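Using the hints provided, position chain H relative to the given structure of chain S.
Chain by chain, the residues run as shown.
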Amino acid sequence: MAKEDQKLRQQAQRLASLSLDSTGQVSPARVSAVLSSLAARTVAPLKQRALLKQYEAAVKRELGRSQVIIEHSGPIADDTAAIIAASFSTKTGRVISAVTKPNDSLLAGIRVILGDHVYDASAKARLDRLAAAS
Amino acid sequence: MILPSLLAQAAEAAHSVAATATEHSASGNTFGIEAKYLALQFFSFSIVLLVLYKFALKPLTATMDERSHKIADGLRAAEDMKVKMAESEKKQADLLKSSQAEATAVLNEARATAKALVEKAQTEAASKADEFLKRAEANLANERAKLIAEVRAEATNLVVATVAKVLATELNDSDRSRFNAAAQRELTRSN
Chain S
1 MAKEDQKLRQ QAQRLASLSL DSTGQVSPAR VSAVLSSLAA RTVAPLKQRA LLKQYEAAVK
61 RELGRSQVII EHSGPIADDT AAIIAASFST KTGRVISAVT KPNDSLLAGI RVILGDHVYD
121 ASAKARLDRL AAAS
Chain H
1 MILPSLLAQA AEAAHSVAAT ATEHSASGNT FGIEAKYLAL QFFSFSIVLL VLYKFALKPL
61 TATMDERSHK IADGLRAAED MKVKMAESEK KQADLLKSSQ AEATAVLNEA RATAKALVEK
121 AQTEAASKAD EFLKRAEANL ANERAKLIAE VRAEATNLVV ATVAKVLATE LNDSDRSRFN
181 AAAQRELTRS N
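Chains as they are written, first to last, in our numbering: chain S, 1 to 134; chain H, 1 to 191.
Here chain S stands alone, though its shape is the one from the complex (with noise of 0.2 Å):
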């Protein structure tokens, strides 16, 4: 069962890795490519629900590693996001877009969460690192 479960993993990894354009972002126009070859299998369809599910998480953390989600307190710059995710894109080599979220529970600063990291510059962050070390 569970290797049957890597198997889906790894098969669901590689049609997301199909899923990129050229600069290491989803596209849709693949995604459906990808989807239009699964409809035309004939797969069990238990295998094939899995194997979706699979494939849905694994475009998600693609997403999550083109996006880049800055959470604020307080007003910032109108160039802080673009600097933000020019920053990233240089870093990680793939386009990266920025979006902006308001979290007022950070006090004051900025936290960036690009797929399943966090960069943490906030004032919070800063409280709880303080209380952590004591």
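It is possible that some hints are incorrect.
What the hints assert, rightly or not - List of simulated lysine to aspartate or glutamate pairs, EDC-like, C-alpha gap at most 16 Å:
id, chain 1, residue 1, chain 2, residue 2
1, S, Lys47, S, Glu4
2, S, Lys101, S, Asp78
3, S, Lys101, S, Asp79
4, H, Lys90, H, Asp80
5, S, Lys101, S, Glu71
6, H, Lys165, S, Asp128
7, H, Lys165, S, Asp104
8, H, Lys84, H, Asp94
9, S, Lys91, H, Glu186
No lab work stands behind these hints: they were computed from the structure.
None of the values given here were measured: they were computed from a predicted structure.
Frame of chain S; chain H shown alone:
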């Protein structure tokens, strides 16, 4: 023993009398002494002497010898008893002496054992007291460190919570904007 000596003395007296008579007869003067009467008297005296020896002197001598033997045996037995008594007293004295020495040795050993036990108990008690004291001190130090850490954590949490509340209420948009600009520089620099 006595009879032969008496017979020898009687024979000697008869010979001296006979010799005297012969001398007197040789000289022709006998003084009224006849040799045959003298010999007869010697013979009768010998018979009396023999009877006396047989029925009086011999039993008396035997009785005296027996009594002498008994007395000698008694003296010998008394001497033996005396020697045995001395040996017994010596044995008793030796036994008493050895018993006293043994008792002294046992007493000394008991005293040494008791002393060693007391010293051992004192040493163990002192060791246990030291160990208990050290353990108590270590526990006290641990408790103190734990308490200090807890107080420090509590104080830090309190300070952090207070600062968070103050920041939430006191920071204005201008302050937040400056902080956000600094955060942006930090994030882009670290990347």
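Here is what the structure says about each hint:
1. Our distance criterion of 16 Å between C-alpha atoms is met by S/Lys47 and S/Glu4, whose separation comes to about 10 Å.
2. With a C-alpha separation of about 13 Å, the suggested pairing of S/Lys101 with S/Asp78 holds against the 16 Å cut-off.
3. Straight-line distance between C-alpha atoms of S/Lys101 and S/Asp79 comes to about 15 Å, which keeps the hinted pair within the 16 Å bound.
4. Between H/Lys90 and H/Asp80, the direct Cα distance comes to roughly 15 Å. Compliance with the 16 Å bound is thereby established for this hinted pair.
5. A hinted pair counts as satisfied when its Cα atoms are at most 16 Å apart, and S/Lys101 with S/Glu71 qualifies at roughly 5 Å.
6. Among the hinted pairs, H/Lys165 with S/Asp128 is consistent with the structure: their alpha-carbon atoms are about 13 Å apart, no more than 16 Å.
7. Using a Cα cut-off of 16 Å, the hinted pair H/Lys165 and S/Asp104 holds, with the two alpha carbons roughly 12 Å apart.
8. Between H/Lys84 and H/Asp94, the direct Cα distance comes to roughly 15 Å. Compliance with the 16 Å bound is thereby established for this hinted pair.
9. A distance of roughly 15 Å separates the Cα atoms of S/Lys91 and H/Glu186; the hinted pair therefore holds under the 16 Å criterion.
In summary, the structure agrees with every hint in the numbered list given earlier.
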